[in-house]
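In the numbering used here, the protein residues as written are 368 to 613.
Derived from the structure by calculation, the hints contain no laboratory data.
Accuracy of the hints is not assured; some may be wrong.
What the hints assert, rightly or not - Straight line, CA to CA, 25 Å or less: simulated SDA-like cross-link-like pairs of lysine to any residue:
hint, residue 1, residue 2
1, 481, 558
2, 548, 533
3, 548, 496
4, 549, 512
5, 484, 557
6, 548, 475
7, 548, 569
To be verified - Label pairs and their in silico Cβ distance ranges:
hint, residue 1, residue 2, range
8, 612, 447, 31 to 39 Å
9, 490, 611, 30 to 38 Å
10, 491, 445, 14 to 22 Å
11, 449, 573, 32 to 40 Å
Built from N, CA and C at the ideal position, the CB exists for glycine as well.
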Amino acid sequence: NERPSFNAMNMKMKAVIAAAASLLWTSTASAQNFGVDVSFPIHYNFIGSESLSATNEVFGNDRVELYSKYMDGCIKRYGGHSANSLCSHNEADRLRLNLEQPKLQTNYTEIGFKKTKLSDETWSMLQTFWAGVKAKENFPESLWPEAWPEANTYVNHWESDSKMHPLDTKLRQVLWDEIEKKMQEWIPTASSFSKSSLYGVRVYREGHILAPHVDRDPLISSAIINIDQEVTEPWPLEVIGHDGFA
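Whenever a hint applies, use it, and build me the whole structure from the sequences.
Following this line, the structure appears as structure tokens:
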């Protein structure tokens, strides 16, 4: 059930929890139907390609300029010259994985994603936990900067660091249990699930972009829980379904 997802953010802060469990939430950036390589390069670099006309039709030239700035920022931070840079090499790997990895996976559901809600009890625990984190005198400095590999192009960390905060032991277990239950409801044909990773709270800030990507093996299914946000405009989470549309 691996499918690329994309976030382009205009915000002050957004906090999410990511877990290897099942793919749960989505929101499109446009009311129009569109597929891959339109809102952002997913399989191929759309600058100068046939999909550029589709990008301009749906989003205008803004997305082309956004992507150009995205890659220029990485190259400026890590060095190199355009196609010969480590940034371009890593970007080519991202696109290759997006194109090739889904072909090797088993599709357990018809569309590949589902939007749902946590139970009231678990949601209340999360809100209480996060309110306590934000109440600290040194927040947001108390958050940990997230380490990204050199010239990794999944997040524009060269613009500003994404931040992390760990979950306490009790809350981690509650989340694991509920996510596994929702996965079993969503994918009843699966005989068992093996937990891979529960990252904790990741905080994206104004200007961050999470590029369309598929998770590494063995993260076959994933969950995203949006626990807090302060935005200046709607914040889209784009997921490409098995039908090829966002």
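Just pull the numbers of the violated hints for me, sorted ascending. 4, 10, 11
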